[in-house]
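> Residue numbers (numbering that gives the first Met the number 0), protein chains in the order written: chain D, 0 to 371; chain C, 0 to 248.
Careful: at least some of the hints might be erroneous.
Pairs of lysine to any residue, SDA-like flavour, derived with a Cα cap of 25 Å [stated by the list, open to error]:
#  : chain 1 : residue 1 : chain 2 : residue 2
1  : D       : 39        : D       : 167
2  : D       : 350       : C       : 145
3  : C       : 79        : D       : 223
4  : D       : 219       : D       : 12
5  : D       : 219       : C       : 148
6  : D       : 219       : C       : 98
7  : C       : 155       : D       : 58
8  : C       : 155       : C       : 190
9  : D       : 311       : D       : 19
10 : C       : 79        : D       : 244
11 : C       : 187       : C       : 140
12 : C       : 155       : D       : 167
13 : C       : 68        : C       : 110
14 : C       : 155       : D       : 12
15 : D       : 219       : C       : 124
Pulled from the structure, derived: some chain C residues nowhere near chain D, Cβ distances all over 12 Å [as the list claims (entries may be wrong)]:
#  : residue
16 : 34
17 : 129
18 : 233
Which bits of chain D does chain C cover? Going by a derived footprint, with three or more residues having C-beta under 8 Å, they are [as the list claims (entries may be wrong)]:
#  : region
19 : 74 to 80
20 : 218 to 232
Don't read these hints as lab results, they were simulated from the structure.
For every residue, glycine included, the Cβ atom is placed at its ideal position computed from N, Cα and C.
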Amino acid sequence: MTRSSLFRRDEAAGLAILALILFVVFPLMLDDFRLNLFGKYLTYAFVAIGLVLCWGAGGILSLGQGVFFGLGGYCMAMFLKLEASTPEATAIQSTPGIPDFMDWNQITALPLWWEPFHNFGFTLLAILAVPALFAFVIGFAMFRRRVGGVYFAIITQAIAAIATILIIGQQGYTGGVNGITDLRTLLGWDIRPDSAKVALYFVNAVLIFVCLFVAMAIRKSKFGRVLVAMRDAEDRVRFSGYDVASFKIFVFCVGAMMASIGGAMFTLQVGFMSPTIVGIVPSIEMVIFCAVGGRHSLLGAVYGALLVNWAKTTFSESFPELWLFGLGALFIAVVMAFPNGLAGLFDDYVKPRLAWPGRGRRARADNPQPAE
Amino acid sequence: MAQNNPNFILMVEDLTVSFDGFKAVDNLSFYVEPNECRVIIGPNGAGKTTVLDLICGRTRATSGSIGFKGQELTRMREDKIVHSGVGRKFQTPSVYEDLTVFENLEISYPRGHSVFGALAFKRDAGVTARIEEIAETIFLSEMLQSRAAILSHGQKQWLEIGMLLIQDPELMMLDEPVAGMSVAERRKTAELLNRIIQDRSVIVIEHDMGFVADIATRVTVMHQGKRLSEGSMAHVQADPKVVEVYLGH
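With these hints in hand, go ahead and build the complete structure from the sequences.
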């Protein structure tokens, strides 16, 4: 049986095609400016992959993934900002050696909680641990009390709103509405030139595959099947001896960590982090990436994130005021007309026409050739 | 009645649950012995299903106690109650439609129920053999690789019974296991239940009197949340109170 092998044949083919597109087609076809843009779109694909796990597999719809994206992004931005704020580079400030926005806000010493972000190892750890911890607290508070479905979605959306307000309000510590800008180097490596952006694009692509493999392993394990079972009949799972809440908390934490990795890569690829990427609208956009790609398909989520962002860039250049309406219409269209997104359309219309080796044999058996 | 008799596996004492002042179960006491098959009967709204909900932790008691093998269940978390040896089948068949019959049974297999246990769970020969054995018992050997969604109503009932069976609970609670079944399915199910209620205690809610007479060790009749009568089938059938409210003249 092929079940026991690591990947099914069609999954392996899907991964190979995505690898071909990300590692060969895009770098050959796109100029450095466009490739950098696709690098930015890829950072959103991390969130979409996490959402496939939470929402598609587990039925947990979070409208606050921007918060986790932002946590990762801000952790990375704090490290980069500290590296850029050497006493020499900030000599004209009244307090040299602290980030410029702190100086503008009459802060005279680096806050204690910024200190550990001098250390790159700590920063990497924080990018994974901070969102996981935050997701754990939210998940514990909600899922233990059996808050789910639309109530969970609304509360996560409220958290996204609160996070934005908090970041903007604490201008002296967070850079406020402008965010953390003017980031220059990562451990001495200048992240601003095109060559660095191209390199970061490839780092993104590799990390996407790492996340895809992790997500696939989770979905293939019994854990993945328990998630599907919970979506179908939660009480049956509970009274089969599972602590349903801890399964939801775990998958929510994994989704948060993936979003956070995306956020950290966003900061590197784009060169800044700001509260506009944390709030309600971007959080909902992230759900749309996942829905358009197909909420049950990990590969679909990557394509969804790339396609919707590409459309956003293209259309918002021409019709800036119409884009949000277009996005809303797209979401409604997906939900009403093709609820399984691009992946669902692929499965329904394209796959039957492809001759997978196993399928081909069966088709021939159904229509036996005339005997010779 | 010997209230602290250690021979009882389940001791329900003075159990009351009140929903906004309405007492769905009112000061109910009953005791189940090991290997006993207890059938609870009573008119609609008597509180039968609520009693099962209380025992498995789905509903929390307002007062009273539920002792199972010396442990108090009224404040225990649902999954812990399951692990202590209580299995429960719901009234409407409750199976995982998107999973195969094999995967449905595998989820109930008593191993790897924690988050990391489930991530690390390996489908070894022992698991497969046990699932095939259970599938044989519940007449679904041919259907192991089919999605549960395509099963008939009766087959879903059997699958859920199989999911209980693979847990091997010491106390099995079945809520109307033959409801909605065809005559042929009903006969097969009676035969199946007669086989699986050996070696364990069972509480069954059922309306089919022929079926009750066939399997019951003792019968508890409930009415308006209270115990109306209890004893052998013949005893409760002869009880004028039971005839009045339930069986009819």
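> Could you run down the list of hints and mark each one as holding or not?
Hints and how they fare:
The straight-line distance between the Cα atoms of residue 39 of chain D and residue 167 of chain D is roughly 23 Å, inside the 25 Å bound, and the hint therefore holds. At roughly 21 Å between alpha-carbon atoms, residue 350 of chain D and residue 145 of chain C fall within 25 Å of each other, so this suggested pair holds. As the CA atoms of residue 79 of chain C and residue 223 of chain D are separated by approximately 22 Å, the hinted pair is consistent with the 25 Å bound. A hinted pair counts as satisfied when its Cα atoms are at most 25 Å apart, and residue 219 of chain D with residue 12 of chain D qualifies at roughly 17 Å.
Under the criterion of a C-alpha separation no larger than 25 Å, the hint pairing residue 219 of chain D with residue 148 of chain C is consistent with the structure, at around 20 Å. For the hint linking residue 219 of chain D to residue 98 of chain C, the alpha-carbon distance of about 12 Å falls within 25 Å, and the restraint holds. Under the criterion of a C-alpha separation no larger than 25 Å, the hint pairing residue 155 of chain C with residue 58 of chain D is consistent with the structure, at around 23 Å. Using a Cα cut-off of 25 Å, the hinted pair residue 155 of chain C and residue 190 of chain C holds, with the two alpha carbons roughly 17 Å apart.
Proximity of residue 311 of chain D to residue 19 of chain D is assessed by CA-CA distance (about 24 Å); at most 25 Å being required, the pair is judged to hold. For the hint linking residue 79 of chain C to residue 244 of chain D, the alpha-carbon distance of about 13 Å falls within 25 Å, and the restraint holds. For the given pair, residue 187 of chain C sits about 15 Å from residue 140 of chain C by alpha-carbon distance, which is consistent with the 25 Å threshold. In summary, the hint linking residue 155 of chain C to residue 167 of chain D is not supported, as the alpha carbons are separated by about 55 Å, beyond the 25 Å threshold.
Only pairs whose Cα atoms come within 25 Å are accepted, and residue 68 of chain C paired with residue 110 of chain C is accepted, the gap being roughly 22 Å. For the hint pairing residue 155 of chain C with residue 12 of chain D, the CA-to-CA distance comes to about 36 Å; that exceeds 25 Å, so the pair is violated. About 18 Å separates the Cα atoms of residue 219 of chain D and residue 124 of chain C, which keeps this hinted pair within 25 Å; it holds. Every Cβ of chain D is farther than 12 Å from the Cβ of residue 34 of chain C; the closest lies at roughly 23 Å, confirming the non-interface assignment.
Against the 12 Å criterion, residue 129 of chain C stays outside the reach of chain D, whose nearest CB is about 15 Å from its own CB. For residue 233 of chain C, the non-interface assignment is confirmed: its Cβ lies about 34 Å from the closest Cβ of chain D, beyond the 12 Å cut-off. Given as covered by chain C, the region 74 to 80 of chain D fails the check, having 0 residues with a CB less than 8 Å from a CB of that chain where 3 are the minimum. Check on the region 218 to 232 of chain D: 10 of its residues sit with their Cβ under 8 Å from a Cβ of chain C, so the three-residue criterion for coverage holds.
When held up to the earlier numbered hints, the structure conflicts with 12, 14, 19 and fits the remainder.
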